[in-house]
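Undergrad: All chains should be built: construct the whole structure from the sequences, respecting the hints.
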Amino acid sequence: MNFKINIHGLSKHFGQNVVLDGVDLQINSETITAIIGKSGTGKSVLMKLIAGIIKQTSGTIECVQILENGEIKPTSLDEIGFSYMFQNNALFDSLTAFENVALPLVEGNHPLSKSKVKEKVDHLLEQLDLTSSRNRYPGELSGGMNKRIAFARALVTEPKVVLFDEPTTGLDPERKFTVFDMIKKYRNQFGFSALLVSHDIPDVYEIVDSIAWLNEGKIQFFGKPEKIDLISEISIKKYLKTGRISPNNL
Amino acid sequence: MNSLLTIIANFVRELGAILLFIAQSLIAFWTCKNCLNKIIQSTLEIGCRCVFIVLIIGLFTGMVMGLQMYYTLIKFGADAALGTAVSLSLIRELGPVLTALMIVGQSGSALSSEIGIQRNDEQVDALETMGINSIGFLSGPRLYAGLISFPILTAFFDLIGLYGGYFSGCVIMGLDGDIYWKKIFDSVHFVDVYGGFIKSLCFGVFTIGICTYEGYHCHLNSSYKGIRGVTQAATKAVVKSSVFVLVFDYLITSFLL
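Chains as they are written, first to last, in my numbering: chain X, 1 to 250; chain A, 1 to 257.
Any given hint could be a false lead.
With a straight-line Cα cutoff of 20 Å, these simulated PhoX-like cross-link-like pairs (lysine-lysine) come out [to be verified]: (1) X:116 to A:33; (2) X:160 to X:4; (3) X:114 to A:38.
Keep in mind the hints are simulated off the structure, nothing from the lab.
TA: Written out as structure tokens, the structure reads:
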């Protein structure tokens, strides 16, 4: 399915506090876009606006499906099929790892038999090296393990758009690359689009098609990862300098 | 004058929001899967959490009433009417009211905190992104559980309260037990039991509704965020539910009598 998500002039105010001030962004099918920017610049707010969890003050988010004959049909993110991986995982404490991953299949609009759900969830847990934690509760597991359970839950419905809010925070380098590899692998396998908030610069460049730099409520750069280093804008240079540790920066 | 109008307007708005939330919960619940299992699980949760405390309070309320009524009635030579006085007071008023207050204290605050924590941890948002109606999923089964468990626990309270009255009036004070039970059977009519049943149903749906509403909306509290917001929501839930029980008890009583 080919689609486009067009974000135009998106603003969000919390009282007097202007978090987003006219964000323009386009997300195409089967692309991975990373949103980077300093903490507190509204990256998570942008993700929540796209997911429809909160309402924008102004601006539009339009989803269109591009049919085979080139015709454009308005649609919604729900119709396209999306999932969201939250920054703090948002796992249910009273459910085991297996039940947490199976929740969207069991309670959502996915008519699957019990055995199919079990098979699918167990396969995903195995791929993420979580089989031994299958029957344990989030409170009994490490932060990294919970991150992977949240990751598995986001992918279990095979969505067309996945919103990852800092999917690798708190993971060791090996696990971090496992998550990045899985995002890439699943994109190739299921053909989803991913929008991910990340501070892992430049590691995240390896898997993304484009980078969006959010600063002062606006997208100030959008393009290929290799082009971001060519920008002369001081604020980006300053951020990227502090965002990576290389011998020159030390 | 303006501030009084603002208070009234806020009260009406809040009441409307709670009623709407309850209606949404009751309807949206049926869009969820495994509805019956969820209701049974929530009923057991509320029932198991409260049954012991309801029995204890019921027993001692009956015993206190047995003693107080005995000493009052004997002054008029009417101690034989002890069964009537204890049973009607318990079945019509004290049973539904005290049971509701006990459940609010025991389960209502826990419900409110639980949903509040889920709201803080973005679990409520996660449900919505999974295509699950969060109001129906979180509040719906608890409301139906309230409708089932409140009348049952009220019946337990009434029954054990009658035995409490028997114990203090007949075993301790020496009143004839046969007279005590005969008076109960003669004076308690269907309308008395029906009134208590209606009250417990109303208390069940509204108190659980208030508690889940407060937990679900704890993030909207502008003055307290995070854990303080959750504790504030639990406190508000208990206070509002308790006030509701007493005010509504008066209204239903005046309507039924």
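Undergrad: Against the structure shown, which of the earlier numbered hints fail to hold, in ascending order?
TA: Per hint list: zero violations.
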